[in-house]
Amino acid sequence: EPEVTQTPSHQVTQMGQEVILRCVPISNHLYFYWYRQILGQKVEFLVSFYNNEISEKSEIFDDQFSVERPDGSNFTLKIRSTKLEDSAMYFCASSEGPGGMPYEQYFGPGTRLTVT
Amino acid sequence: KNQVEQSPQSLIILEGKNCTLQCNYTVSPFSNLRWYKQDTGRGPVSLTIMTFSENTKSNGRYTATLDADTKQSSLHITASQLSDSASYICVAPSGYGGSQGNLIFGKGTKLSVKP
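Protein chains in written order, with this note's numbering: chain A, 277 to 392; chain B, 58 to 172.
What you were told as hints is all true, and nothing was included just to trick you.
With a straight-line Cα cutoff of 27 Å, these simulated BS3-like cross-link-like pairs (lysine-lysine) come out:
id, chain 1, residue 1, chain 2, residue 2
1, B, K128, A, K333
2, B, K164, A, K318
3, B, K128, A, K318
4, B, K58, A, K333
5, A, K359, B, K164
6, B, K171, A, K318
7, B, K94, A, K333
Hints are computed from structural coordinates only; laboratory data are not their basis. Just so we're clear, the structure is a prediction, and the values are computed from it rather than from any experiment.
Let the sequences and hints guide you as you build the complete structure.
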């Protein structure tokens, strides 16, 4: 069964450093998402991406964050200058259609980001 | 403000027993409601998606109900197994139709199934 994959599974970085989290969505999906989950808290939407551009973003997704689909398979989240509060599990998800319609969103296993 | 509230926060049941988890949502406009299962340290896995016209939907031992009038949903788990121990999360998209509809997650109900 096709699945969303994410690398690395765990990333440790120092405050102020740049990190890139990588995701490979399911191949025939058109909509891509990043979510984060701070330990013990609920999952929060960061950004959605469709047709090579951001279609929606939350207040969390400020100028420190960017997303890119550099080729036909990868989808990346970059945090330019990490802060301690960026420590969280970051989930990538993909779907065939938009979330407003009843299309499944498939989540990857997550990347645990630890900022020290 | 769009919100999804769940109860109880946590629940302990014995293996083989049934349980029901509750969700109240205030999301507008409403298009669909989802239940996800999340094992500790893993990504959420979809259990059901229901549109406003659906009252009930089953997926194996999981049965979700939806009352769009009262804005309530429930997830019933039958004959629980140890592997059902996880967080169960109620989720609704904030938009509909052509909107990309970012997902709004509840805090989840942490279910522990004991032998």
